[in-house]
Amino acid sequence: MNGEKLLVVRDLRKYFQPEKKFLATSPAPLRAVDGVSFTLHEGETLGLVGESGCGKSTAARTLLRLIEPTSGQVSFCGTDLFDLKETEMRNLRKEMQIIFQDPYSAVNPARRIGHILQEPFEIHGFRDKKENVEKAKQLLEQVGLPLDHFNRYPHELSGGQLQRVGIARAIALEPKLIVADEPVSALDVSIQAQVINLLLDLKERLDISYLFISHDLGVVEYFCDRVAVMYLGKIVELADSEQMYNSPQHPYTIALLDAIPSLESERTKNKAPVKGDIPSPANPPKGCAFHSRCPIKEKQCEEKIPALKEVAPGHHVACFLKH
Amino acid sequence: MPSPELEIQNLSVAFSSPRGKLIAVNGISFQLNPGETLALVGESGCGKTVSALSILRLLPEPPAKILSGKILFDNQDLLSLNAKALQDLRGNSISMIFQDPMTSLNPVLTVGEQIAETLLRHTTMNRREALQKSADLLNRVELPSPEEKLKYYPHQLSGGMRQRVMIAMALACAPRVLIADEPTTALDVLIQAQILELLESLKKEMSILIITHDLGVVSETAQRVLVMYAGEIVESGPTKALLKDPFHPYTKGLIASIPKLGDKKKPGARLEEISGNVPGLDQRPSGCPFHPRCSWAMETCKTQNPQLRKVESQRQVSCHLEPGSL
Chain A
1 MNGEKLLVVR DLRKYFQPEK KFLATSPAPL RAVDGVSFTL HEGETLGLVG
51 ESGCGKSTAA RTLLRLIEPT SGQVSFCGTD LFDLKETEMR NLRKEMQIIF
101 QDPYSAVNPA RRIGHILQEP FEIHGFRDKK ENVEKAKQLL EQVGLPLDHF
151 NRYPHELSGG QLQRVGIARA IALEPKLIVA DEPVSALDVS IQAQVINLLL
201 DLKERLDISY LFISHDLGVV EYFCDRVAVM YLGKIVELAD SEQMYNSPQH
251 PYTIALLDAI PSLESERTKN KAPVKGDIPS PANPPKGCAF HSRCPIKEKQ
301 CEEKIPALKE VAPGHHVACF LKH
Chain B
1 MPSPELEIQN LSVAFSSPRG KLIAVNGISF QLNPGETLAL VGESGCGKTV
51 SALSILRLLP EPPAKILSGK ILFDNQDLLS LNAKALQDLR GNSISMIFQD
101 PMTSLNPVLT VGEQIAETLL RHTTMNRREA LQKSADLLNR VELPSPEEKL
151 KYYPHQLSGG MRQRVMIAMA LACAPRVLIA DEPTTALDVL IQAQILELLE
201 SLKKEMSILI ITHDLGVVSE TAQRVLVMYA GEIVESGPTK ALLKDPFHPY
251 TKGLIASIPK LGDKKKPGAR LEEISGNVPG LDQRPSGCPF HPRCSWAMET
301 CKTQNPQLRK VESQRQVSCH LEPGSL
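First to last, the protein sequences are chains A and B.
Residue numbering for the first sequence follows this note's numbering, beginning at 1 and increasing consecutively.
Residue numbering for the second sequence follows this note's numbering, beginning at 1 and increasing consecutively.
Do not take every clue at face value.
[Said to hold, decoys possible] In the DSSO-like style, the derived pairs of lysine-lysine whose C-alpha atoms are separated by at most 27 Å in a straight line are:
1) Lys-176/A with Lys-203/A
2) Lys-20/A with Lys-286/A
3) Lys-309/A with Lys-299/A
4) Lys-21/A with Lys-151/B
5) Lys-176/A with Lys-135/A
6) Lys-204/B with Lys-275/A
7) Lys-151/B with Lys-275/A
8) Lys-260/B with Lys-275/A
9) Lys-297/A with Lys-286/A
10) Lys-137/A with Lys-94/A
11) Lys-133/B with Lys-275/A
12) Lys-133/B with Lys-84/B
13) Lys-203/B with Lys-275/A
14) Lys-204/B with Lys-244/B
15) Lys-203/A with Lys-260/B
16) Lys-240/B with Lys-204/B
17) Lys-322/A with Lys-275/A
18) Lys-130/A with Lys-176/A
19) Lys-304/A with Lys-286/A
20) Lys-65/B with Lys-21/B
21) Lys-84/B with Lys-65/B
[Claimed, not checked] Computed Cβ-Cβ distance ranges for the label pairs, DEER-style:
22) Pro-27/A with Pro-285/B: 55 to 63 Å
23) Glu-264/A with Ala-174/B: 28 to 36 Å
24) Met-89/A with Pro-238/B: 55 to 63 Å
25) Glu-147/B with Asn-283/A: 20 to 28 Å
26) Lys-151/B with Lys-275/A: 20 to 28 Å
27) Gly-276/A with Ala-85/B: 38 to 46 Å
28) Gly-276/A with Asp-136/B: 16 to 24 Å
It is worth saying that the hints were derived from the structure and are not from the lab.
Glycine included, every Cβ here is placed at the ideal spot set by N, Cα and C.
Just chain A, same shape as in the assembly (with noise of 0.2 Å):
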């Protein structure tokens, strides 16, 4: 990795205490993240992937403050973000952005789009209203959209369009680090390459980072250069997305990558070797998390937690039988 470090997460741990009944004793607390440590360089895009529960969401909107940390500690530039004040942390918000899976819940529906390209504008202190228009026209015209989309309303757009203008929206400030939230997920298939296009356009010509979350491990080995597999609120294996393809180390992400339909393959045996579901953040089996689901588990994984551990340059997996 040649860029330098520019954000880097030490120990994230996000607990979500579930509300005590009356008289009864308090409730284990969930582990929604539970000890996430990686870092991203600039210019780099890493992937974190999972299944739904597995904290990848949590992890990404903790480490940008958006809901408060249980511990842990997360640098963006050699700033501790977590020693912030909140206006100390507005201000930084310039530098980190985030689009949502979901284009039509993540605007306002009453304000037109022109309007909501102007906002973060507002937000951070640009005064010069007619600035402020054009700035937004220009954004438009970045992600591909028409102008004479400025004075429609969310509704009136494709959710294509609507996730460029969340684009537009992230790539307002110019900031360092994008996190893009499943960012294509609620996308149709002819759609879904048009955006992963502009956002790869973006990274090149604005210098930009990706945190990338998404569960579709396709879209990720083409877009990462980095892939983190989260599982029960840890990482499990974390190695270039290359490597990680090639040569998948823990048994989960062999089983993910074996589970994805694919065009040539025909379906062959065994391809769910892995039985139930994900179990409960509240309730995590003891020892290796995903040893209940473990198609080569043994004693030990029952009992002991195996920690992140580098096996080959570049490339950590948490599995004992792989140490």
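Since chain A is already given, all that's left is putting chain B on it; use the hints.
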């Protein structure tokens, strides 16, 4: 050629709206053969779900209206049946499973009651027999501890388990045709693999019409595939041949726009994309509905909508171009 299990002839469905009549399905015809798994694939708004719902007359009429067509099953036209006859059919000889098992199950009835309901309606079983059979069905769909699960309410089950319950209900009366509308779309990839495996095991027992937007799912489940765009079938053929060598520009574009595992991006490479958007029902383009997005579009395409024509023994395409010229 054996006679088809289910035959759809020239089906057109429209919705009435303040903006006038919107045509969702525009004169489609296809056959589902005995023992076959047929996929209906397309993006949202292409009319695939509306077609499927029309087969069992599950669309609310109005606003929906079946403008024309025949749906032939067992030598009768389903579109001419009365409500009672349709009820005798639904869940009995033709069953359906839906995308979202949470909204398709009744939240205030236990799993057992819901499965037994189907059996009580269509068979002569008494309540106890129906519950026993329900437990057998849950066992068939590989739900762990089925006897106990009969007493569960839908909210106590995970998404994958609920989909298994839906499938158990659909199987209750050993239907001849199963219509599966996006059965795995709401599920995670590992659970999707489990459900696809389950569907695979049902293939021998019935004909399956699977509706999906995911070409990977198509490739792994169906023998034959129909591609829909803007309410019309634009291409059909055996799955392998169609995916390997698509004849319609839309099919070709769809396949190309999916990032495939293992084909690693080269620096600066871009995914192939289909430009533009899926047209809304009220903005149907003239001529071939795909022409505004098609990079091969010619003058004729703007005015004349090509007919679905036979190009090989088992393949059909609706395009003015000669097949193989893409």
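Here is how each hint holds up against the structure:
Note on Lys-176/A and Lys-203/A: the hinted pairing holds, with a Cα-Cα distance of about 10 Å set against a maximum of 27 Å. This hinted pair checks out: Lys-20/A and Lys-286/A have alpha carbons roughly 24 Å apart, not beyond 27 Å. Restraint check for Lys-309/A and Lys-299/A: satisfied, since their Cα atoms lie roughly 20 Å apart, inside the 27 Å limit. At roughly 25 Å between alpha-carbon atoms, Lys-21/A and Lys-151/B fall within 27 Å of each other, so this suggested pair holds.
The hinted pair formed by Lys-176/A and Lys-135/A meets the criterion: a straight-line CA distance of about 18 Å does not exceed 27 Å. Distance hint between Lys-204/B and Lys-275/A is fulfilled; the C-alpha atoms sit about 23 Å from each other, no more than 27 Å. A C-alpha spacing of about 22 Å is found between Lys-151/B and Lys-275/A, which places the hinted pair at or below 27 Å, so the restraint holds. Restraint check: the Cα-Cα separation between Lys-260/B and Lys-275/A comes to about 25 Å, which is no more than 27 Å; the hinted pair holds.
Proximity of Lys-297/A to Lys-286/A is assessed by CA-CA distance (about 13 Å); at most 27 Å being required, the pair is judged to hold. Distance restraint check for Lys-137/A and Lys-94/A: the Cα-Cα separation of roughly 19 Å lies within the 27 Å cut-off, and the hinted pair is therefore satisfied. Of the supplied pair hints, the one linking Lys-133/B and Lys-275/A holds, its CA atoms being roughly 24 Å apart against a limit of 27 Å. A C-alpha spacing of about 25 Å is found between Lys-133/B and Lys-84/B, which places the hinted pair at or below 27 Å, so the restraint holds.
Distance restraint check for Lys-203/B and Lys-275/A: the Cα-Cα separation of roughly 21 Å lies within the 27 Å cut-off, and the hinted pair is therefore satisfied. Distance hint between Lys-204/B and Lys-244/B is fulfilled; the C-alpha atoms sit about 26 Å from each other, no more than 27 Å. Straight-line distance between C-alpha atoms of Lys-203/A and Lys-260/B comes to about 21 Å, which keeps the hinted pair within the 27 Å bound. For the suggested pair Lys-240/B and Lys-204/B, the alpha carbons sit about 20 Å apart, so the restraint of at most 27 Å is met.
Only pairs whose Cα atoms come within 27 Å are accepted, and Lys-322/A paired with Lys-275/A is accepted, the gap being roughly 21 Å. Proximity of Lys-130/A to Lys-176/A is assessed by CA-CA distance (about 26 Å); at most 27 Å being required, the pair is judged to hold. Restraint check for Lys-304/A and Lys-286/A: the C-alpha separation of about 8 Å stays at or below 27 Å, so the hint holds. Only pairs whose Cα atoms come within 27 Å are accepted, and Lys-65/B paired with Lys-21/B is accepted, the gap being roughly 10 Å.
Taking the CA atoms of Lys-84/B and Lys-65/B, the gap is near 19 Å; set against the 27 Å cutoff, the hint holds. The given range of 55 to 63 Å is respected by Pro-27/A and Pro-285/B, whose C-beta atoms sit roughly 57 Å from each other. Between Glu-264/A and Ala-174/B the beta carbon distance is about 34 Å. The supplied range of 28 to 36 Å therefore holds. Between Met-89/A and Pro-238/B the Cβ separation comes to about 58 Å, which falls inside the hinted range of 55 to 63 Å.
At about 24 Å, the beta-carbon gap between Glu-147/B and Asn-283/A stays in the expected band of 20 to 28 Å. For Lys-151/B and Lys-275/A, the hinted distance range of 20 to 28 Å is satisfied, since their beta carbons lie about 22 Å from each other. Our hint of 38 to 46 Å for Gly-276/A and Ala-85/B holds, since their Cβ atoms are close to 42 Å apart. Our hint of 16 to 24 Å for Gly-276/A and Asp-136/B holds, since their Cβ atoms are close to 21 Å apart.
Of the numbered hints given earlier, the model fails none.
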